[in-house]
Amino acid sequence: EAQVTQNPRYLITVTGKKLTVTCSQNMNHEYMSWYRQDPGLGLRQIYYSMNVEVTDKGDVPEGYKVSRKEKRNFPLILESPSPNQTSLYFCASSLSGRISYEQYFGPGTRLTVT
Amino acid sequence: EDKVVQSPLSLVVHEGDTVTLNCSYEVTNFRSLLWYKQEKKAPTFLFMLTSSGIEKKSGRLSSILDKKELSSILNITATQTGDSAIYLCAVGSSCTASKLTFGTGTRLQVTL
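So the protein sequences, as listed, match chains A and B. Here the first sequence stands for residues 635 to 748, where the numbers follow the numbering used here. Here the second sequence stands for residues 9 to 120, where the numbers follow the numbering used here.
Read the hints as simulated data drawn from the structure, not as lab findings. Please note that a few of the clues may not be correct.
As the list claims (entries may be wrong) - Each computed BS3-like pair below joins lysine-lysine, with the alpha-carbon atoms no more than 30 Å apart: (1) B:Lys48 to B:Lys64; (2) B:Lys49 to B:Lys64; (3) B:Lys76 to B:Lys45; (4) A:Lys691 to B:Lys48; (5) B:Lys11 to A:Lys699; (6) B:Lys49 to A:Lys699; (7) B:Lys49 to A:Lys703; (8) A:Lys703 to A:Lys691; (9) A:Lys705 to A:Lys652; (10) A:Lys705 to B:Lys49; (11) A:Lys705 to A:Lys651; (12) B:Lys11 to B:Lys48; (13) B:Lys65 to B:Lys49; (14) B:Lys65 to A:Lys691; (15) A:Lys652 to A:Lys691; (16) A:Lys703 to A:Lys651; (17) A:Lys652 to B:Lys65; (18) A:Lys691 to B:Lys11; (19) B:Lys48 to A:Lys699; (20) A:Lys705 to B:Lys45; (21) B:Lys75 to B:Lys64; (22) A:Lys691 to A:Lys651; (23) B:Lys48 to B:Lys76; (24) B:Lys45 to B:Lys75; (25) A:Lys699 to B:Lys76; (26) A:Lys691 to B:Lys49; (27) B:Lys48 to A:Lys705; (28) B:Lys48 to A:Lys651; (29) B:Lys11 to B:Lys49; (30) A:Lys652 to A:Lys699; (31) A:Lys652 to A:Lys703; (32) A:Lys652 to B:Lys76; (33) B:Lys65 to B:Lys75; (34) A:Lys651 to B:Lys65; (35) A:Lys652 to B:Lys48.
To be verified - Facing chain B, according to a computed beta carbon distance under 10 Å, are these residues of chain A, among others: (36) Gly674; (37) Leu677; (38) Arg678; (39) Thr689; (40) Gly692.
Ideal Cβ positions, reconstructed from N, Cα and C, are used throughout, including at glycine.
Please work from the sequences and hints to get the whole structure.
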């Protein structure tokens, strides 16, 4: 089944404790992206990747890191999480970043930072 | 800065009603406009509209792109309780067509 998977689905952590949210897609998509969703603000892009080893900042990159060493994986790293990073996070992928294609979303990761 | 505005913010209708959701945008180098449905989980794709495809229809749902007015509408006819969700509009622009700017969504509730 074609899908985007994320882990963990739920995470409660404390300020400053490094964490990684994994994202994997099995559709051989070139483009992958991370979003956060907050009430009243909608979905905002954190980072995106046009292909392996090619990443770029989205609209709200502060406090996050990403890497794209393999085509299928695009982990999101929070080196020192803070309470303002409490949010619902979605990973998404698309066939190409240069041509408009629909984006497929993962199931989401609800992160709480205390 | 790209901007996408959706209206209304929320809507309550009775089953069987027809609803129209609005999306307006201000983006540089428009490429595409997408509609997603979000229930209690990840957004799921509904339609993509581009300059070469300004009208789409699937069952009771249809969407039109008005490039002159920089807007789009999503129509749902004969609404059902299963249509209750947040409907998101997103626009792809510039040289990175898959970089989407999302609106905050319209929350639709369909009651019996």
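Lysine 652 (chain A) paired with lysine 48 (chain B) [C-alpha distance capped at 30 Å]
Holds, at roughly 28 Å.
When the nearest CB of chain B is found for leucine 677 (chain A), is that gap smaller than 10 Å?
4 Å, holds
Minimum Cβ distance from arginine 678 (chain A) to chain B below 10 Å?
7 Å, holds
Run the distance test for lysine 691 (chain A) versus lysine 11 (chain B): straight-line Cα separation, threshold 30 Å.
Judged against 30 Å, a Cα distance of about 18 Å means the pair holds.
Under the criterion that the straight-line Cα-Cα distance not exceed 30 Å, is the pair lysine 691 (chain A), lysine 48 (chain B) satisfied?
28 Å, holds
The hint names glycine 692 (chain A) as touching chain B; please verify it with the least Cβ-Cβ distance against 10 Å.
7 Å, holds
Decide if the proposed pair is consistent with the structure: lysine 652 (chain A) and lysine 699 (chain A), CA atoms, cutoff 30 Å inclusive.
This hinted pair holds, its Cα atoms lying about 11 Å apart.
Check the hint pairing lysine 65 (chain B) with lysine 691 (chain A) against an upper bound of 30 Å on the C-alpha distance.
34 Å, violated
For the pair supplied as a hint, lysine 49 (chain B) and lysine 699 (chain A), is the alpha-carbon distance within the 30 Å limit?
At roughly 24 Å apart (the allowed maximum being 30 Å), lysine 699 (chain A) and lysine 49 (chain B) satisfy the hint.
Take a quick look at whether lysine 652 (chain A) and lysine 76 (chain B) sit within 30 Å of each other, Cα to Cα.
With a Cα-Cα distance of about 48 Å, the restraint between lysine 652 (chain A) and lysine 76 (chain B) is violated, given a limit of 30 Å.
Checking one constraint from the list: CA of lysine 48 (chain B) to CA of lysine 705 (chain A), max 30 Å. Satisfied?
28 Å, holds
Has the given pair, lysine 652 (chain A) with lysine 703 (chain A), been kept, meaning a C-alpha gap of at most 30 Å?
OK: lysine 652 (chain A) and lysine 703 (chain A) at ~20 Å, within 30 Å.
Hints 14, 17, 23, 25, 32, 34 and 39 from the earlier list are contradicted by this structure; the remaining hints agree with it.
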